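*Asks:* The residues making up each chain are set out below.
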Amino acid sequence: MSAFTYDPEWLTTLNASFMHNAFLAGLCIALAAGIVGYFTIARSSTFASHALAHIALPGATGAVLIGVPVELGLGVFALGGALIIAALGKKASQREIATGSVLAFATGLGLYFARMSSSASQQLQSILFGSILTITDGQIISFAVFDVVLFVLMAIIYRPLLFSSLDEQVARAKGVPTGLLNVLFLAVLAGVITIAVPAVGTLLIFALVITPAASANVLTSSPFKAMVVSTIICLISIWGGLVLSTMFPAPPSFVIVTISVAIWGVTKIIEFRRA
Amino acid sequence: MTEHHHTTGTPTPPPCIVAQHASVKHGNRIIWSQGDFTIPTGSVTAIVGTNGAGKTTMLNAELGLIPLASGTLTVLGKPAGEANAQIGYVPQTYTNEIDSSLTALQSVLLGLTGYRFGFHPISRKQRAKAMEALEYVDIADHANQRLSQLSGGMRQRVAIAQALVGSPKLLMLDEPLANLDLPSQHATVHILAKLNRELGMTIQIVAHDLNMLLPILTGAVYLLDGHPHYASVHDVLDAKLLTHLYGTTVQVIQTPQGDMFVTPETDLHFGAKQPFTDADTHTVGEITSLHEHNETGSSHANHGTTRAERPANGPDNNPDNSPAHDAHTPAAHAQEEQ
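Protein chains in written order, with the numbering used here: chain A, 23 to 297; chain B, 5 to 342.
There's no promise every hint is true.
[Stated by the list, open to error] 25 Å max Cα-Cα, derived SDA-like pairs, lysine to any residue:
#  : chain 1 : residue 1 : chain 2 : residue 2
1  : B       : K129      : B       : K82
2  : B       : K82       : A       : A109
3  : B       : K173      : B       : R150
4  : B       : K173      : B       : T42
5  : B       : K173      : B       : F123
6  : A       : K290      : A       : Q191
7  : B       : K129      : B       : T117
8  : B       : K29       : A       : K247
9  : B       : K133      : A       : Q145
10 : A       : K290      : B       : K29
11 : B       : K29       : A       : L110
12 : B       : K133      : A       : G197
13 : B       : K82       : A       : K247
14 : B       : K133      : A       : A109
15 : B       : K29       : A       : S244
16 : A       : K290      : B       : H146
17 : B       : K29       : A       : Q191
18 : B       : K129      : A       : G197
19 : A       : K247      : B       : H233
20 : A       : K247      : B       : K173
21 : A       : K290      : B       : T42
Read the hints as simulated data drawn from the structure, not as lab findings.
Just so you know, these numbers come straight off a predicted model, no measurement behind them.
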């Protein structure tokens, strides 16, 4: 097998219905990740996003094991992890050794659940690395509903969330319910992880939620513009990844992550030259 | 000690902060107790004490962010926490921990809009107000620069502007001079003096370095043996008290020029004729923050007032003694180079 091939039928493949679903899923994920990614960086919670994805793994394989939808398992474990992180306080995510140990255990538990049934074992790879080409109509609808809820919630909490991200103590002194906002934010982050895992998997999610936001932060300093730019970069990564991985057969997750990281690399050069 | 204040003859305004038998606990540990003090309106007060004495806890209690275990704490005429809209709070974090892509202007705007839920576009009026605050702290040139690109001293001024934009009556600052170089410290003290003098703002500063603040201080809440008390600056500058307060020998010296120095006793080798910079040769660890930097008098040998007396005139200090002026005295430069 050649390492690098060209598929002349790629336009036909792109018109298949599973591809349409993949593009729609990409749009839903980009809209959510663009907004939440910005706040994750602003709140110095990038490690929490990484942690939640790992904590979600045993939820996903466990769901397959007991015969419930993967998203349910992902969502429940990610949300549970989010609430625990919120309860432990912001400093908890900075306790690197404790967090790292818990993450390793969660990943091991995910493997254990996966090995307990053959169907979970088969799905392990798609949970770890994503399977954007197998997204169903039902999943698209739930993604879209999540996006709408996210937009409404963000429109309401936008400024206080930004204020508390800048300095929690000052925001608290001005009457902002910082504890509640932190719980809300982490719950939203858990939701974004739940809908983004089907696209790139738990292991690569950082490059889809955080990396585009980091690139956007270099290109613009306005929070709103950064969210828009981050969404666009996320969308370019997913859609570009889908097209390129069809033209030159490769795992979509790999191409998606590669585009996202490449854009980030370019912005880092821009930042370096600016300084 | 009250005779040191309100000597101008104007009617005495109600006090800014009143603590009565106030105490604060963290878990079962008493942080401080029997807090009985009154901070006059229009004063500049330091909160002093050793590390862990509960200085920041004092600010948090006054903001109502942590509950009192007993007693009462009245701020701007209301129980602590209820008048926070009239309080500007400047945390310590701005000088070091902020790695934000927000610009200075956006950060200040959050001081106006950050506590409002729902969709609120920024109005032209709000933007103008934010720019005005940035101009007041002399950093309007950097309005569109990101916080992460600004120096610690500039970020400190942005934080002050963010606190000012809500037109507070009381400004609280947590260690505003820590982590700043000498010129930035002078700039910050100069801004605080201006706020107090021009706007009559009551200012409260958590500080471990009193010397830099001495020109503008009216008094201090000192956390001694677990009990907060208020004293006018003359009473605070008492060698026995400071020695007790910091747990290390401290000496208060009045120079012929009218300056008061707070130095470790081991540095008492200089007489009145020796250069002031000689006072700066000690090595004692924590006390290094407690000395030097007050050389204004060396270039104004003819003014007769002492530092202890000048604050009694309230905010109306002689402009010649403004901290900005300090920054340009030869002695200050000499110390910077050490």
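*Asks:* Now tell me, hint by hint, if it's right for this structure.
*Replies:* Against the structure, the hints:
At roughly 30 Å between alpha-carbon atoms, B/K129 and B/K82 are farther apart than 25 Å, so this suggested pair is violated. Distance restraint check for B/K82 and A/A109: the Cα-Cα separation of roughly 32 Å exceeds the 25 Å cut-off, and the hinted pair is therefore not satisfied. Our distance criterion of 25 Å between C-alpha atoms is broken by B/K173 and B/R150, whose separation comes to about 28 Å. Taking the CA atoms of B/K173 and B/T42, the gap is about 16 Å. The hint holds against a cut of 25 Å.
For the hint pairing B/K173 with B/F123, the CA-to-CA distance comes to about 28 Å; that exceeds 25 Å, so the pair is violated. The straight-line distance between the Cα atoms of A/K290 and A/Q191 is roughly 31 Å, outside the 25 Å bound, and the hint therefore fails. At roughly 12 Å between alpha-carbon atoms, B/K129 and B/T117 fall within 25 Å of each other, so this suggested pair holds. Restraint check for B/K29 and A/K247: the C-alpha separation of about 45 Å exceeds 25 Å, so the hint is violated.
A threshold of 25 Å between alpha carbons decides the hint, and for B/K133 with A/Q145 the separation of about 57 Å lies outside it, so the pair is violated. Among the hinted pairs, A/K290 with B/K29 is inconsistent with the structure: their alpha-carbon atoms are about 47 Å apart, more than 25 Å. Our distance criterion of 25 Å between C-alpha atoms is met by B/K29 and A/L110, whose separation comes to about 21 Å. Under the criterion of a C-alpha separation no larger than 25 Å, the hint pairing B/K133 with A/G197 is consistent with the structure, at around 21 Å.
For the hint linking B/K82 to A/K247, the alpha-carbon distance of about 41 Å lies beyond 25 Å, and the restraint is violated. A threshold of 25 Å between alpha carbons decides the hint, and for B/K133 with A/A109 the separation of about 38 Å lies outside it, so the pair is violated. With a CA separation close to 41 Å, the supplied pair B/K29 and A/S244 exceeds the 25 Å bound. Only pairs whose Cα atoms come within 25 Å are accepted, and A/K290 paired with B/H146 is accepted, the gap being roughly 23 Å.
The suggested pairing of B/K29 with A/Q191 holds, with an alpha-carbon distance near 19 Å, which does not exceed 25 Å. A C-alpha spacing of about 23 Å is found between B/K129 and A/G197, which places the hinted pair at or below 25 Å, so the restraint holds. Proximity of A/K247 to B/H233 is assessed by CA-CA distance (about 50 Å); at most 25 Å being required, the pair is judged violated. For the hint pairing A/K247 with B/K173, the CA-to-CA distance comes to about 35 Å; that exceeds 25 Å, so the pair is violated.
Our distance criterion of 25 Å between C-alpha atoms is broken by A/K290 and B/T42, whose separation comes to about 54 Å.
When the structure is compared with the earlier hints, violations turn up for hints 1, 2, 3, 5, 6, 8, 9, 10, 13, 14, 15, 19, 20 and 21 and for no others.
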